[in-house]
Amino acid sequence: MDATATIDTADRSGHRAGPAIPPAALQAIDVSFSYPPSDGRTTNPPVLEQLSLTVRPGEFVALVGANGSGKSTLLRLLAGLLPPTAGRIEVGGERLTAPDRRIGLVFQEPRLLPWRSVIDNVAFPLELAGWPIAGRRARAREMLDLVGLEGVDDERPHRLSGGMRQRAAIARALALEPGILLLDEPFSALDALTRERFNVALQEIWRQTGTSVVLVTHSIAEAIFLADQVLVLARAAAGIVGRIEIPFARPRLLGELDAADVSGLAATVRELLEIDDGGAR
Amino acid sequence: MSVDRSAIGGPAARRSGRGAVLAVVAGAALLVGWKLLTVIGGYPPFVLPPPELVAARFVGAWADGTMLPHTVTTLEEVLLGFTVGASAALVVGYALARSTLIEEAFSPYLVAAQATPILALAPLIALWFGSGILSKVVICSLIVFFPVAISTMVGVRSVDGQLLELCRALRASRRQILIRVEVPGALPSIFGGLRVGVTLAVVGAIIGEWAGGDTGLGVLINLARGSLFDTPLLFATLATIAIVGVSLYVLVVVIEGRLVGDRD
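Residue numbers (numbering that gives the first Met the number 0), protein chains in the order written: chain V, 0 to 280; chain S, 0 to 263.
These aren't lab readings, by the way, just hints derived from the structure by calculation. Since this is a predicted model, take the numbers as computed values, not measurements. Where a beta carbon is used, it is the ideal one built from N, C-alpha and C, also for glycine. Accuracy of the hints is not assured; some may be wrong.
Claimed, not checked - Covered, in the sense of this in silico footprint (three residues per stretch, anywhere, with C-beta under 8 Å from a C-beta of chain V), are these stretches of chain S: (1) 154–164; (2) 214–222.
To be verified - Here are some, though not all, of the chain S residues that point toward chain V, as calculated from beta-carbon distances under 8 Å: (3) 41; (4) 167; (5) 168; (6) 170; (7) 175; (8) 180; (9) 182; (10) 183; (11) 263.
Said to hold, decoys possible - With the C-beta cut set under 10 Å, the calculated list includes, among others, these residues of chain S facing chain V: (12) 15; (13) 18; (14) 20; (15) 249.
Start from the sequences and build out the full structure, keeping to the hints where you can.
Below you can see the structure in the form of structure tokens.
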């Protein structure tokens with residue numbers, strides 16, 4: 000994929016009219032969470048406490064925070080994999096109590112089934128949803144094209160590079176056309192150059208699908224490059240300590256990462272992270 | 000983008016070809032050693048027959064129809080016993096893997112049952128179930144059960160928890176998780192148990208036939224060493240049992256190759 004390819008701008012987010020995906024707003028309202036106690040303890044300290052966030056339809060939100068700040072836990076709550084101990088998660092105004100077909104999730108690891116071909120992995124959610132075989136293979140192939148994976152349909156995952164496997168995982172998450180895509184540091188295992196290329200590819204996928212995205216990342220540069228809104232998550236369950244709107248037009252190019260205003264935004268995010276880090280000590 | 004195709008038809012195929020050659024060479028060396036032993040030791044044929052005499056008796060027993068009905072009987076017992084024992088073991092192994100309660104309640108008894116020699120139980124089983132095929136099937140099932148149950152338990156437990164979380168995120172039902180993830184994920188381990196189980200099933204059938212029966216390769220061994228006093232036939236029967244065991248093992252390996260396939 001060409002890292003510097005430019006794409007025509009359609010609206011503020013640069014979205015083209017994608018397939019019939021109803022973008023669903025996602026909200027966390029006063030959400031707290033503690034893991035169930037173990038080892039004889041009566042309670043565990045909270046991982047998240049009274050956290051609220053809103054993801055607007057079609058918006059790209061990045062969550063940054065230090066290790067242990069609960070980013071991945073928050074993503075699992077947003078995916079319906081964990082129930083909040085207090086507060087609620089809403090998708091399109093409805094309370095989320097379990098995983099929902101309107102939400103797609105990409106984990107830090109590709110989690111492809113090693114005994115299935117790439118195309119059968121991408122078709123896996125469709126198979127679970129009861130799609131007929133012809134329909135799901137056609138959709139899976141469409142999704143593989145969307146993420147730029149061609150000619151590997153019948154390969155087993157272990158024959159692909161790490162980046163290709165992660166693309167296949169994104170294709171799988173998009174197969175059921177979710178209104179919301181949750182990404183848990185999907186590119187953390189990739190080298191810096193590949194990661195930059197994948198960020199451009201992800202922006203393009205997002206523009207084509209019109210899906211709302213929540214991206215958990217450690218990389219401030221990645222968050223600023225991709226997101227409409229960067230949320231800084233506090234250490235020690237203090238919730239969100241900063242909310243930074245990213246004003247850049249779409250499509251964004253890699254060169255913009257060197258611009259002075261990008262550096263200014265990065266400094267703001269870093270400052271929020273450092274303040275929080277100091278407060279925790 | 001790159002795809003690793005280096006493993007296709009490469010070193011693995013070469014290793015397989017080299018393995019076949021080595022097996023033939025080792026077999027030939029064994030036969031030569033056996034022949035030398037009979038020549039140097041000067042043993043009479045009723046103690047240690049030379050390989051060519053055993054080969055002639057083997058061909059003769061198959062040609063005159065002595066071996067076939069016994070082999071068919073033993074094969075029936077093995078296949079039935081293996082199927083029953085392995086099927087029960089798959090269910091119990093899964094239950095052991097997924098229920099701590101069941102594991103804690105039954106594991107000690109399973110291990111105790113495995114530690115009890117089947118040779119000691121065989122006469123009792125023949126007493127309870129008669130000298131027909133049923134007692135042999137029971138013995139085969141019992142001997143197959145433990146390795147398959149344990150390998151199933153280990154295999155199901157070794158299924159990547161991250162894949163199970165993925166299934167939850169994709170709203171998979173319990174049945175879908177079982178059929179599409181847990182069973183395929185556990186297959187390599189399950190087949191490890193089936194490989195052991197199928198060879199043990201042959202041993203079980205022979206033990207069952209010794210404990211009581213009219214036909215079968217175990218019965219033929221008894222006849223050959225007893226009333227017939229035909230040691231070359233005894234060796235030919237042992238060779239047939241070995242061929243049955245190896246053939247069934249290879250069959251399991253072939254099925255394993257088809258079902259497990261190419262995975263990391």
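**Report entry** Structure versus earlier hints, numbers of those that do not hold, lowest first
**Finding:** Result: hints 2, 3, 9, 12, 13, 14, 15 break, sorted rising.
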